[in-house]
Amino acid sequence: MEQSQLLQFVPFSSCINHSFWNKYTEIKLDVDKLEEKGRSIWGYYSYIESQLSPFIEVDSTSFNIKGADLKGQLAVAGKLFNKNTIENFKDCDKMGLIKASGDEIWENIINGKCLKSPGLLNSFVVLSFADLKKYNYYYWFGFPAPSNVNLKLNVIEDISGKFNNDQMDQLYVNYSNLCEDQKHFFLVHKEHFEMKHLEAVVDLKDTLDQYYMAFSDACFDPKYSGWVLKNFMLFLMYYCDKLRGKQVDFLSFRVSRENGKISLLKSLLIRASLPEEFGKPEAWIGWERNERGKMGPRMVNLKSSIDPQCLAETAVDLNLKLMKWRLLPDIDLEKIKNAKCLLLGSGTLGCSVARVLLGWGVRQIKFVDNSTVSYSNPVRQSLFTYEDCVAGKPKAQAAADNLKKIFPGVESEGYNLTIPMPGHPVGESTLEHTKETVDKLRDLIVESDVVFLLMDSRESRWLPTLLGLVYGKLVLNAALGFDTYLVMRHGVRGETQNCSNNVKGFKMIKGNNLGCYFCNDITAPGNSLKDRSLDQQCTVTRPGISQIAGALVVELAISILQHKLGGFAPAYYKMQKSAEICEDSAVEDCILGVLPHSLRGFLSTFTQVLPATEKYNQCIACSDSIVEAYRTKGFEFLLNVFNSSQVLEDMTGLTEMYTLKDNTIMDMSDSE
Amino acid sequence: MLDWEEFSKHLSQMKSLSDELLDGWAILGKTGTENGAYLAKKVPRLFEEALLLFEYNVVYDLSYGVPKLCFNVFRTDGSMLQLNECIHVLGFDGEPVLVLTQMDHPVLQRPFFTLHPCKTSEFMDFCSNSKNPLVSWLSAIGPTVGLNLANEYSQCT
Ligand SMILES: [Zn+2]
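Protein chains in written order, with numbering that gives the first Met the number 0: chain A, 0 to 671; chain B, 0 to 156.
Mixed in with the good hints there might be a few duds.
Unchecked claim - Label pairs and their calculated CB-CB ranges:
no., chain 1, residue 1, chain 2, residue 2, range
1, B, Asn150, A, Gly408, 22 to 32 Å
2, A, Ser303, B, Met0, 48 to 58 Å
3, A, Ser603, B, Ser127, 51 to 61 Å
4, B, Cys155, A, His196, 29 to 39 Å
5, B, Asn150, A, Asn63, 50 to 60 Å
6, A, Leu5, B, Arg109, 43 to 53 Å
7, B, Cys155, A, Asp29, 39 to 49 Å
To be verified - Coverage of chain B stretches by chain A, computed from C-beta distances (three or more under 8 Å per stretch; other residues unrestricted):
no., stretch
8, 37-51
9, 62-68
10, 76-90
Claimed, not checked - Pairs of lysine to any residue residues, derived as SDA-like cross-links and limited to a Cα-Cα distance of at most 20 Å, are as follows:
no., chain 1, residue 1, chain 2, residue 2
11, A, Lys302, B, Leu82
12, A, Lys320, B, Lys14
13, B, Lys14, A, Lys573
14, A, Lys323, B, Thr100
15, A, Lys506, A, Lys573
16, A, Lys65, B, Leu82
By construction, these hints were calculated from the structure, which means they are not laboratory data. No residue lacks a Cβ here, since even glycine has one placed at the ideal position from N, Cα and C.
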């Protein structure tokens, strides 16, 4: 194809491997710090076919002293100018920077270094600035080439028009025997295809017309040459003055795989005329256009892949996603992640619960407690350390702080509050404070989705049980005895079109008919000095109990969150000893299985039972009369209760029933 | 099962063939030490008009005693594709991704998307007749994550 126009060159684009930024960040922080003087780096381009426009790649090995030795890749020496401020980055003289880089190429031509190392004819500059607080990386690549050197194009064609297959095979054999560090630019004899290193131009000065001027090309467009030919022209003009103004035959080597065979079929013969005028280039061009096609820098944010906190969050989420992909495709992880959890009590149970919640990917956890970390705590309470005791830190705050140390992605807060209790009179002087505390607790409950009752006293559970019910929250409860535990979900209130199925041998209790922690208790809190197996008067427990109960109460909460009926999910209570819930029972379960009402465990026999109890109409915490009293009288009602728990018994009619025997424990013995 | 010695041997063999084919596989890391070296290749690919760089690594998994294929995908600005983006690019949408996970690279100690090695051992037994089970395995599982070995590699199996 005869043409009489100027040869067009396809510029390089930049391609940055992620490992480059990792290394760059490391060097900036540990070595260069505020240094701006420029750092030598390596880039690489490939002469093996791809469907892409030519690019120079940089990666972590770019910072090595010696360039990587990779078959098919040619090294280019470049320079990185990292600025300390965005102003320095913006104000930097870009024309000057690329000219300096071009002048260096020129130096390497006239001082002869390019003769031995032809790769020095190529170069690149990177101007950069990193905002390492935001992980924003600004950068601009330049690939210097003289601005005013043009080639008048006569012919550009596939070499297959010129050579037969045997000749191309011979060319490839000779080419592959050439060292990688000589493949950038070299000479090929036109008759017998002998290849000579570039330095031979000096000796062959008078017979250069017998040679093709050859180069490895990163460009695969059959109509254009790659960028590297520009600087090659400059070199030829300098060393081969006889070629000035003359027609020169170039070979653009492009390696491709054709039907499984390495081939030079895509290589080009370019016949073009060098200009006559020659001198040191005045101006150099080559700054890369950005993604908008403008002459300007690019910016990339790498927070998600460099910021360790983001890496931790991604890893935690991914772990849960694997569970979803492999085992539970229908699990709603977002629902769990977004669940706001309030932990009332930051002791053994609170610590265990928080950790298991973290494991499930919960991100919002609030702690409430009224004591400080004591010396006996850290060995049993998994969020505390010895230092916390020495510092006398409030438990809620210490738990919140330490949870963040375990996983910075969590939003944890601690509140130092003493929850007001029935039968603990409020004096004139503490009235205002008590009111504030009640308001604060109410707000915390209103703001949360799931409330965990994990305190070490029975009385302190009364107020949050009531508030959780009134504000429609999921309330879960864990209580410990010496070697026993109780884990339960409180019943919810309201109506639902829940068409729950009965299962033979089981009694089914809908979620809105389930009882609360106090439903099984015949007496009001406040005078609980008598022994109870599951009461909180007993703070001596087998150390494993809190871990077991803490884990169970979270797993129960997660199951509720995954049940389509949520807190309305029914519980099944075994009526016949032989009855079993099996796969095909029409049980209203969730993807994680059945939802019991409560779990009672006995470490002395290593057994666990799953009793379910209906709400008790005279319950001192969840019965309608109590809820109604709070709704109408609010704090005034609460205050009466705080001052005398007898109020509760009177209101619910418990006083008259006081003589009745405690028959609720039957549930438990029955089901064994 | 494949012990480290065998793994390295097959690795070198594959690398030599790659050099002949100019296929771009390189051995990186420390070759002398156990579980110190791995095979790596970068594959540029256009996706929705953007250049993406697939970086494939064949590493050795000590606990399973099998090879493991890891990869990461980058844009030209160095940013890394997240797992969901990778899944989209690889055309997994809608299908459960049973074996793709993210694990720390045993040599680089950075997270890589990884085809989980739990089933690899069975597969390796299956291709025990191959002279290079590493290549047989890689040519079988590679395509699931966009890595297609050239037919010429079959000459060493
Ligand atoms: Zn109740």
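Now for the hints, and whether the structure bears them out:
no. : hint                               : result
1   : B:Asn150 with A:Gly408: 22 to 32 Å : violated (47 Å)
2   : A:Ser303 with B:Met0: 48 to 58 Å   : violated (37 Å)
3   : A:Ser603 with B:Ser127: 51 to 61 Å : holds (54 Å)
4   : B:Cys155 with A:His196: 29 to 39 Å : holds (34 Å)
5   : B:Asn150 with A:Asn63: 50 to 60 Å  : violated (35 Å)
6   : A:Leu5 with B:Arg109: 43 to 53 Å   : holds (47 Å)
7   : B:Cys155 with A:Asp29: 39 to 49 Å  : holds (43 Å)
8   : 37-51                              : holds (count 4)
9   : 62-68                              : violated (count 0)
10  : 76-90                              : holds (count 6)
11  : A:Lys302 with B:Leu82              : holds (15 Å)
12  : A:Lys320 with B:Lys14              : violated (35 Å)
13  : B:Lys14 with A:Lys573              : violated (65 Å)
14  : A:Lys323 with B:Thr100             : holds (12 Å)
15  : A:Lys506 with A:Lys573             : holds (6 Å)
16  : A:Lys65 with B:Leu82               : violated (34 Å)
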